[in-house]
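Here the protein sequences line up with chains S and G, keeping their order. For what it's worth, the numbering used here labels the leading residue of the first sequence as 12, then goes sequentially. For what it's worth, the numbering used here labels the leading residue of the second sequence as 7, then goes sequentially.
Some hints here could point you the wrong way.
[What the hints assert, rightly or not] Calculated lysine-lysine pairs in the DSS-like style (CA-CA distance at most 27 Å, straight line):
1) G:62 - G:44
2) S:82 - S:25
3) G:77 - S:20
4) G:74 - G:43
5) S:82 - S:68
6) S:68 - G:43
7) G:62 - S:68
8) G:11 - G:77
9) S:68 - G:60
10) S:81 - S:68
11) S:68 - S:94
12) G:43 - G:77
13) G:44 - G:77
14) S:20 - G:43
15) G:44 - G:60
FYI, nobody ran anything at the bench for these hints, they're computed from the structure. It should be emphasised that the depicted structure is a prediction, and the values quoted were computed from it without experimental measurement.
The chain contents come next:
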Amino acid sequence: DGGITQSPKYLFRKEGQNVTLSCEQNLNHDAMYWYRQDPGQGLRLIYYSQIVNDFQKGDIAEGYSVSREKKESFPLTVTSAQKNPTAFYLCASSIVLLAGVQETQYFGPGTRLLVL
Amino acid sequence: DQQVKQNSPSLSVQEGRISILNCDYTNSMFDYFLWYKKYPAEGPTFLISISSIKDKNEDGRFTVFLNKSAKHLSLHIVPSQPGDSAVYFCAASGNQFYFGTGTSLTVIP
Numbered sequence: 012d013g014g015i016t017q018s019p020k021y022l023f024r025k026e027g028q029n030v031t032l033s034c035e036q037n038l039n040h041d042a043m044y045w046y047r048q049d050p051g052q053g054l055r056l057i058y059y060s061q062i063v064n065d066f067q068k069g070d071i072a073e074g075y076s077v078s079r080e081k082k083e084s085f086p087l088t089v090t091s092a093q094k095n096p097t098a099f100y101l102c103a104s105s106i107v108l109l110a111g112v113q114e115t116q117y118f119g120p121g122t123r124l125l126v127l
Numbered sequence: 007d008q009q010v011k012q013n014s015p016s017l018s019v020q021e022g023r024i025s026i027l028n029c030d031y032t033n034s035m036f037d038y039f040l041w042y043k044k045y046p047a048e049g050p051t052f053l054i055s056i057s058s059i060k061d062k063n064e065d066g067r068f069t070v071f072l073n074k075s076a077k078h079l080s081l082h083i084v085p086s087q088p089g090d091s092a093v094y095f096c097a098a099s100g101n102q103f104y105f106g107t108g109t110s111l112t113v114i115p
């Protein structure tokens, strides 16, 4: 089955610790995204990548880092510099059409990060 | 600066009636507009989209209307069912995707 997988479903972080959230897609999509959702709020863009080995900061990139070494994978690291990491993290992917147009974005099931 | 806005945080509708969810945007250069449905602790599920060159797209019980002059789109669900109760996000695509803050729909049996 084609889709987007995120792991783990729940993740606990200790103070001062870096943690990495996994996102894999087998849809052959060019672009991948990371969003954060806080209770009662919408989706805020952390980072996105339209091609391998290239990525751009979103609206709330501080305290996060990403890599895009393979088309299928876009891991997100929540660093110790992120002071309020508790949230629901969503990964998404989309096809990039001509002239950079993106038609539809598909989401993974999400990872809930909690701070101990 | 919020480029996509959903001004109604919640909406309640009787089962069988029409649900109308609204969304406004500011950037006239968006190429596509999308609606997603989201349950708690799950990823959003794509529902329906519309190209900026169209003014209506229909898929079963779901219809999206686009009014480019007003920079407004709406999602109509008819008839509404209790299983439609969820948070609905509208989104617009340009060089990236821009999401509204969501509207929580409750369909009352």
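To see whether the hints hold, each was checked on the structure:
Restraint check: the Cα-Cα separation between residue 62 of chain G and residue 44 of chain G comes to about 23 Å, which is no more than 27 Å; the hinted pair holds. Pair hint residue 82 of chain S plus residue 25 of chain S does not hold up; C-alpha atoms about 30 Å apart against a cutoff of 27 Å. Straight-line distance between C-alpha atoms of residue 77 of chain G and residue 20 of chain S comes to about 37 Å, which puts the hinted pair past the 27 Å bound. The hinted pair formed by residue 74 of chain G and residue 43 of chain G meets the criterion: a straight-line CA distance of about 23 Å does not exceed 27 Å.
This hinted pair checks out: residue 82 of chain S and residue 68 of chain S have alpha carbons roughly 18 Å apart, not beyond 27 Å. Note on residue 68 of chain S and residue 43 of chain G: the hinted pairing holds, with a Cα-Cα distance of about 26 Å set against a maximum of 27 Å. At most 27 Å may separate the alpha-carbon atoms for a hinted pair to count; residue 62 of chain G and residue 68 of chain S exceed this at roughly 33 Å. Using a Cα cut-off of 27 Å, the hinted pair residue 11 of chain G and residue 77 of chain G holds, with the two alpha carbons roughly 11 Å apart.
Straight-line distance between C-alpha atoms of residue 68 of chain S and residue 60 of chain G comes to about 31 Å, which puts the hinted pair past the 27 Å bound. Simply put, residue 81 of chain S and residue 68 of chain S have alpha-carbon atoms about 18 Å apart, close enough for the 27 Å limit, and the pair holds. Between the alpha carbons of residue 68 of chain S and residue 94 of chain S the distance comes to roughly 18 Å, so the proposed pair stays at or under 27 Å and holds. The hinted pair formed by residue 43 of chain G and residue 77 of chain G meets the criterion: a straight-line CA distance of about 21 Å does not exceed 27 Å.
As the CA atoms of residue 44 of chain G and residue 77 of chain G are separated by approximately 24 Å, the hinted pair is consistent with the 27 Å bound. Proximity of residue 20 of chain S to residue 43 of chain G is assessed by CA-CA distance (about 20 Å); at most 27 Å being required, the pair is judged to hold. Proposed proximity of residue 44 of chain G and residue 60 of chain G is supported: the alpha carbons are some 25 Å apart, at most 27 Å.
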